[in-house]
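K.L.:
Once you have looked at the hints, place chain B on chain A.
Those protein sequences? They're chains A and B, same order as listed. Quick note: the first sequence uses the numbering used here, first residue 1, plus one each step. Quick note: the second sequence uses the numbering used here, first residue 1, plus one each step.
A portion of the hints provided could be inaccurate.
Remember, identical chains collapse to one label, so a pair may be satisfied in a single copy or spanning two.
[Claimed, not checked] Here are the computed lysine-lysine pairs in the DSS-like style, where the Cα-Cα straight-line distance is at most 30 Å: (1) 199 / 145; (2) 117 / 43; (3) 117 / 135; (4) 202 / 135.
Honestly, the hints are just simulated from the structure, not real lab data. As the structure is a computational prediction, the values presented were derived from the model and not from experiment.
2 protein chains.
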Amino acid sequence: MCIFKDKEFHIISNGKMPIEQFREILIDIHPYVTAIHLREKQKTARELFQTVQLLHAANIPLSKVIINDRLDVALVTRVGGVQLAFHSIEPAIVKESFPQFRIGCSIHSYEEGVDAKANGADYVIYGHIFPSQSKPDVAPKGVRKLSMLTQLDIPTIAIGGITPENTAQVLQAGANGIAVMSGVLDARDPLAAIKSYTKVLKMGDGKSGKFI
Amino acid sequence: MCIFKDKEFHIISNGKMPIEQFREILIDIHPYVTAIHLREKQKTARELFQTVQLLHAANIPLSKVIINDRLDVALVTRVGGVQLAFHSIEPAIVKESFPQFRIGCSIHSYEEGVDAKANGADYVIYGHIFPSQSKPDVAPKGVRKLSMLTQLDIPTIAIGGITPENTAQVLQAGANGIAVMSGVLDARDPLAAIKSYTKVLKMGDGKSGKFI
Chain A
1 MCIFKDKEFH IISNGKMPIE QFREILIDIH PYVTAIHLRE KQKTARELFQ
51 TVQLLHAANI PLSKVIINDR LDVALVTRVG GVQLAFHSIE PAIVKESFPQ
101 FRIGCSIHSY EEGVDAKANG ADYVIYGHIF PSQSKPDVAP KGVRKLSMLT
151 QLDIPTIAIG GITPENTAQV LQAGANGIAV MSGVLDARDP LAAIKSYTKV
201 LKMGDGKSGK FI
Chain B
1 MCIFKDKEFH IISNGKMPIE QFREILIDIH PYVTAIHLRE KQKTARELFQ
51 TVQLLHAANI PLSKVIINDR LDVALVTRVG GVQLAFHSIE PAIVKESFPQ
101 FRIGCSIHSY EEGVDAKANG ADYVIYGHIF PSQSKPDVAP KGVRKLSMLT
151 QLDIPTIAIG GITPENTAQV LQAGANGIAV MSGVLDARDP LAAIKSYTKV
201 LKMGDGKSGK FI
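Pulled out of the complex, with its shape left as it was, chain A reads as follows (with noise of 0.2 Å):
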C-alpha cells in the first residue's frame, strides 16, 4: 500500500531554530510542503504540546504536522502523525494500540527498511543520501542504496544535502519525495528556496504534493 499519492516534500525542524522563527517560515511555506516534522529532541512533552499549539495559532493545518518520537503528544494534539526513531516504540507496537495512526520511521540501512516495513511503519524516512552538515562524521549512503531502498515497495522520502539541483536525482532513484532541513531553513529566502525544490518535484512526475 502507498499512501502518498505525488512526490512530497517534508520540511524537519533543527531542534535549534526558536519556535517562533520555524513558525514565521512555516507561515510563507506550508502550503508548499507534505509534512511538517517536529523534531525537536531537547524539548519536553508540554513544550512541544505548546509548540504545536503556536503552530495551531497561526494557522498551520495540524494534518502536516509530524511529531518526533513522542506519540503521546502526537496523539492528543490530533496532528497528521509520528515519525519514529530506534530508540522510539517499535511501530507495531504503535500501530497494535492506535491502528488508524499514520506511522514513519527513520532508517539508515536496507535491513532497517525491511524491518519497518514488516512493523507496519506508513513510510520511511532513509539517509542522508548527500553529505551533510548534519552528519559530518557519516558517509552519505548515495542514490545507489536509495534505489535498493526503494524497491522495498515502502512508501520512501529521501533526506540529508538534497539540493534543488540533485534532487532529480533523488526521484529518479524512485523516491515519494524528499525531506529538508537546512537547505529551507537556513536559506535567506525559504519561500524562494522552497519553491526551487517544488518546481523539480513538480517536474518529476507532472504532478503536485498531496499528503493523505
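P.N.:
What follows is chain B alone, placed relative to chain A:
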C-alpha cells in the same frame, strides 16, 4: 471522588538502579505495594517499553505499574497509569483524549494541588515531606503543609524522607498513602523494610492497601 479506599504504598524506581536489580526487589515486594512507579528519566521510550516487558515476564502485575511522563509508553503497555510532572502534557489534555486513564500529578505546593485537581488529576504525589537524600538543597514541606493540602479533597500520596517511624505522622496529616524510594531500595532487606512500612499503614486505619 476518591479512588483510594485504603492507605497506599507506592514504590518509586530511582533511575539509577539496574532494572534487573529493581525487578528482583519487586518480585519479593510487589504483593505489599499498591503502585510501582517507573521514574526512569534517562530511558528512551523503547527502553521503558522493554522495562515494562521485563517486569511483565517476572509476573509483576502491570495494573500496579505507573509510568512517569511517557503517556505513550503507558498507553501501549496498558499499565495502570501515568505520573505527570510540570514538564509533562497537562492532565486535562490527557483526560480529554483518554478519559479512562488514571493520572497522577507530582506537585510541590498547595497551588499546584489546586491546579492538579482542577485539571482532572486522579491523585497527587506531594513532597518532599521530610529531609531527603534526593533533594538535599530544598527545604522539606513538613506535615503541617501536608495537612493543608489534604484538605483539598484529592487523594494525596506523601513522598520524601518517609520512614516507618514517621509514617504515622503522615497518615495523621490526612495522606492517603506514602511513596518511598531509598527507604526500600537502599535497604539491606527490602522485604523487611516494606513490611515495617505496611505495618504502620495497616495500623493507620486497620486496613490493608488496595489500588483501584
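K.L.:
Each hint should be assessed against the structure and marked as holding or not.
P.N.:
A quick look at each hint next to the structure:
For the homomeric pair residue 199 and residue 145, the shortest alpha-carbon distance inside one copy (25 Å) is at most 30 Å, but the shortest distance between copies (64 Å) is not. When the C-alpha separation of residue 117 and residue 43 is checked against a cutoff of 30 Å, the pair qualifies both within a copy, at 29 Å, and between copies, at 26 Å. For the homomeric pair residue 117 and residue 135, the shortest alpha-carbon distance inside one copy (25 Å) is at most 30 Å, but the shortest distance between copies (46 Å) is not. Proximity of residue 202 and residue 135 under a CA criterion of 30 Å is satisfied intra-copy only: 28 Å inside one chain copy versus 58 Å between copies.
Hint violations for this structure: none, all hints satisfied.
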